[in-house]
Amino acid sequence: MDQERAWIEQALQGDREAFGNLVRAYERPVYNLTYRMLGNPAEAEDAAQETFLRAYSKLATYQPGRKFVNWVLSIASHHCIDRLRRKGRAPQLSLDGPSPPEWIMSNAPRPDQVVSKNEEREEVRQVLERLPADYRAAIVLRYWYGLSYREIAATMDTTESAIKSRLHRARRMMAEHLQAA
Amino acid sequence: MVKCEREEQVTEMMSLALDGLLEEAGRQRLQQHLDACPTCRAEWEAMQEVSALLERSALVGPPLGFALRVERKLEAGQKKRRRMFGGAAVVTSSLSMAGLTIGAVCLLILGIVAWQWLGDLPSVQLGIEAATQVASGLGLMGKGASLFLGDLLLRYGALLLFALGAGVAVLVALWTWLFVRRPHKAPGNGYV
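Taken in sequence, the protein lines are chains A and B.
Positions 1 to 181 (this note's numbering) are the ones given, in order, by the first sequence.
Positions 1001 to 1192 (this note's numbering) are the ones given, in order, by the second sequence.
Chain B extracted, bound-state conformation (with noise of 0.2 Å):
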């Protein structure tokens, strides 16, 4: 069949007709070319043979018990989703306490290597005495601290207690409007 030259402007032409969307003059521009060219001819009535057979074709549904089987899926990926983040929680947690112990141990050996082997140096015993110093001074600090605590709370202890108190209960709210709203807590509705 002889290649027509305005195909691709035809045929953009035929999909908006088939659509109901081709204004008056651009039907009767399709028209009069369909009536002077055979290639484009067959190529509309194939459009239109394509179009009528596929606006017969009903709706498929799918086999009975579908939405049974999602939400039992949606179920099953809950579960998962919890025992996977109960699973982690522990490992994670307990990684840490052993971490944690076994970098309290190596501590507590390398100080008590460390002291026999250097213990005797001018120069270790210098820095104990400034650590000493230090730690004295800090102490002193935070004697100072307490007393200026202590001044505090006699004087503005009530309001102080009540911006605790205001604190403590937005947060209580906070986390507990993310318990309620948390995504994936089924409140029970007996679904398997």
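So here's chain A without its partners, still in its complex pose (with noise of 0.2 Å):
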């Protein structure tokens, strides 16, 4: 945590290699969210580059009392809502475009490992595609990140009964989805 103080002093001073230390340790949660929410390994991509290109240019007004990875994951699920919103389409999941990287990262798993893991990848993309982007932000806060009501709320700027009635609605239109399926 120290460490990561020091990285975003070091960046807002204008130190470009310091923000890059905070870029490779969040990487991760960023991408997964930018991800989730478009369904599109290179959409993904390029919205979680502008994420950090938006956290970089916007570290002045980060509070030091909340968790950096938050604030970035705000930044993350306020700009995925907008660009879906923006196109006002369901996301697409390439087929002929290049893999996930889920699966260029990991450790070369067997082809029937692959099938499997690939047919619920699928199944979760198409879970999620159906929700509105911001019940598929909330959704995915919370099952990816862990985070309590309080949290997607601050995150999302909004409150806690909204995330709960988001979370319940969202939770019902995924259920009637596979009961449909």
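Chain B stretches covered by chain A per the calculated footprint, using a threshold of three residues with CB under 8 Å from any CB of chain A:
hint	region
1	1008-1015
2	1059-1067
Below, a list of computed lysine-lysine pairs in the DSSO-like style, where the Cα atoms sit at most 27 Å apart:
hint	chain 1	residue 1	chain 2	residue 2
3	A	Lys58	A	Lys87
4	A	Lys87	B	Lys1073
5	B	Lys1079	A	Lys58
6	A	Lys164	A	Lys67
7	A	Lys58	B	Lys1073
Derived from the structure by calculation, the hints contain no laboratory data.
These numbers come from a predicted model, not from an experiment.
All C-beta atoms in this analysis are idealised placements derived from N, C-alpha and C, irrespective of residue type, glycine included.
Once you've looked at the hints, go ahead and assemble the two chains, each given alone in its own frame, into the complex.
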């Protein structure tokens, strides 16, 4: 944590190497959020990069009392929600494009494991893509980051009761999708 | 399947139960309802299934070299901003100089033309006389002011110099601080 604070201080002085250390420390959670939100590796990378560029330019507004990772996730979730609203479409996973990096990064799984994981990942994508952008963000923050209702509310700039309602409606929509399938 | 009248309320309880936030009494009420309502039971099972699916799903990491690409984009953005700022400064200063020159030439031409056309009119002659007197009055005021300032300098010169020095020092410190603190000044750390 002290190291993180030092990097933030150095990045505020214009030290890009220190900011690079912050990027390396949080690239995985940020990329995962953008990937789960947008459902497409190329778009996810673009959104994750944009998130870090925005974080760098807004670094002076970061309040040290808050967890840095949650602050960056907040930027990422707002950015993804904006993207999805601007496009007004459900995300598409390109089947012809490069495989999502999950497989590049992992230790060479067996083909049957790859098929099974691919199917499961596709199922997750299908379940998430039916949700409105802000419901999706709440679900991703809850399941992949284990954030409490309060933390999700702070990350998404809304109230705890709104998050409670979004989670409940999102789960209902996902259950309905599963039942219909 | 038959629609349950309490579905909304029950779904909310299910969601809280999945997050471990439903108290004991609530859990019992939910269980009693699920035992009696096949519609809600089916939804509960589907919700649990989705929840398990999401919990099994691991974090996905970015492709290799992601951080380096971010750093390069950052550097490129900063270079672009610096170029834009420099270009804007050159353009605005050039335009300002050109505007001032053109304005001065126009005023000169207008003055000459006006003098040629209106120079003999009595009202213009009167105006010139009045302007000369005003200029002479201003000159006298200036002389008085310089005498006053000279006297002031003789009496309080040291104090005034000290105040002036302090003001300059504060300004220099402020500018230095702004220069050091400016957000996009990289201390040359070797990053491309």
